[in-house]
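Colleague: Now for the letters of each chain:
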Amino acid sequence: QVQLQESGPGLVKPSETLSLTCTVSGGSISSSYWSWIRQPPGKGLECIGHIYYRGSTNYNPSLKSRATISVDTSKNQLSLELSSVTAADTAVYYCARYSSDWYSYYFDDWGQGTLVTVSS
Amino acid sequence: DIQMTQSPSSLSASVGDRVTITCRASQSITTYLNWYQQKPGKAPNLLIHGTSYLQSGVPLRFSGGSVSGTNFTLTISSLQPEDFVTYYCQQTFTTPGTFGQGTKVEVK
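So the sequences go chain by chain: R and Z.
Its first residue numbered 1313, the first sequence is counted upward by one per residue in the numbering used here.
Its first residue numbered 5, the second sequence is counted upward by one per residue in the numbering used here.
Worth flagging that the hints you see were computed from the coordinates, not collected in a lab.
Predicted model only: the values in this text are computed from it and were never measured.
Do not rely on the hints blindly, as some may be mistaken.
Below, computed lysine-lysine pairings styled on DSSO-like, alpha-carbon distance capped at 27 Å [as the list claims (entries may be wrong)]:
| # | chain 1 | residue 1 | chain 2 | residue 2 |
| --- | --- | --- | --- | --- |
| 1 | R | 1325 | Z | 46 |
| 2 | R | 1355 | Z | 108 |
| 3 | Z | 112 | R | 1355 |
| 4 | R | 1387 | Z | 46 |
| 5 | Z | 112 | Z | 43 |
| 6 | R | 1376 | R | 1355 |
| 7 | R | 1387 | R | 1355 |
| 8 | Z | 112 | Z | 46 |
| 9 | Z | 108 | R | 1387 |
| 10 | Z | 43 | Z | 108 |
| 11 | Z | 108 | Z | 46 |
| 12 | R | 1325 | R | 1355 |
| 13 | R | 1355 | Z | 43 |
This is chain R alone, in the form it adopts within the complex:
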């Protein structure tokens, strides 16, 4: 089990870029896939995308290429940038470890989440 901690601004202006960092402790980021997930207030969960420590990525097409996920192995961190934000991007943002076995892929460790509000 690893620990994950999200950090970043809690308030972002419309049309600007949301930037978050997730610090992984208790294990190496160079051993798994990692993901960002978000949850608008009072609503359900949405996968933003995944990254392998070597840099390969997959994104949710619904975000229309606005999302960029990256890793910094020297700092054991992953990051999220979401450009051209609107009020619809207001959500709690989670980072998570994306693990797998013969039967599925799944999020088995999560950060506590950070609320990002998009407002002028």
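Chain R is already provided as a structure; the job is to place chain Z on it using the hints.
Modeller: Relative to chain R, chain Z alone:
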């Protein structure tokens, strides 16, 4: 996109009841189905992965199953007070995966 439909969206039950939540996929996802529990203000917690594999540390009253590659169930054999929260299914047959809309279990 694979759509995941959970039912019911909410249910009322009592401590000790046996409850079943259903998740239907819009196409076959074989075994790539997970269940999460989310308490208010907290991150989701993995309960079941690969349709029926209990995550380490999760109580044995939780179980997962499937009727087919598209219809899946989460069963709580005897509801405990801490189980009255929200549950989500998730498919990871396709990337990046999609969640159901959630099922809130409430006290009757």
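Colleague: Could you run down the list of hints and mark each one as holding or not?
Modeller: These are the hints, each one checked on the structure:
1. 1325(R) to 46(Z): Answer holds: residue 1325(R) to residue 46(Z) is near 26 Å, not above 27 Å.
2. 1355(R) to 108(Z): Since the Cα atoms of residue 1355(R) and residue 108(Z) sit roughly 12 Å apart, the hinted pair holds (cutoff 27 Å).
3. 112(Z) to 1355(R): holds (23 Å)
4. 1387(R) to 46(Z): holds (26 Å)
5. 112(Z) to 43(Z): holds (18 Å)
6. 1376(R) to 1355(R): holds (21 Å)
7. 1387(R) to 1355(R): violated (32 Å)
8. 112(Z) to 46(Z): holds (23 Å)
9. 108(Z) to 1387(R): violated (38 Å)
10. 43(Z) to 108(Z): It holds: about 10 Å lies between the C-alpha atoms, which stays within 27 Å.
11. 108(Z) to 46(Z): Cα-Cα ~15 Å, so holds.
12. 1325(R) to 1355(R): OK: residue 1325(R) and residue 1355(R) at ~22 Å, within 27 Å.
13. 1355(R) to 43(Z): Since the Cα atoms of residue 1355(R) and residue 43(Z) sit roughly 13 Å apart, the hinted pair holds (cutoff 27 Å).
The structure is inconsistent with the numbered hints 7, 9, although it conforms to all the rest.
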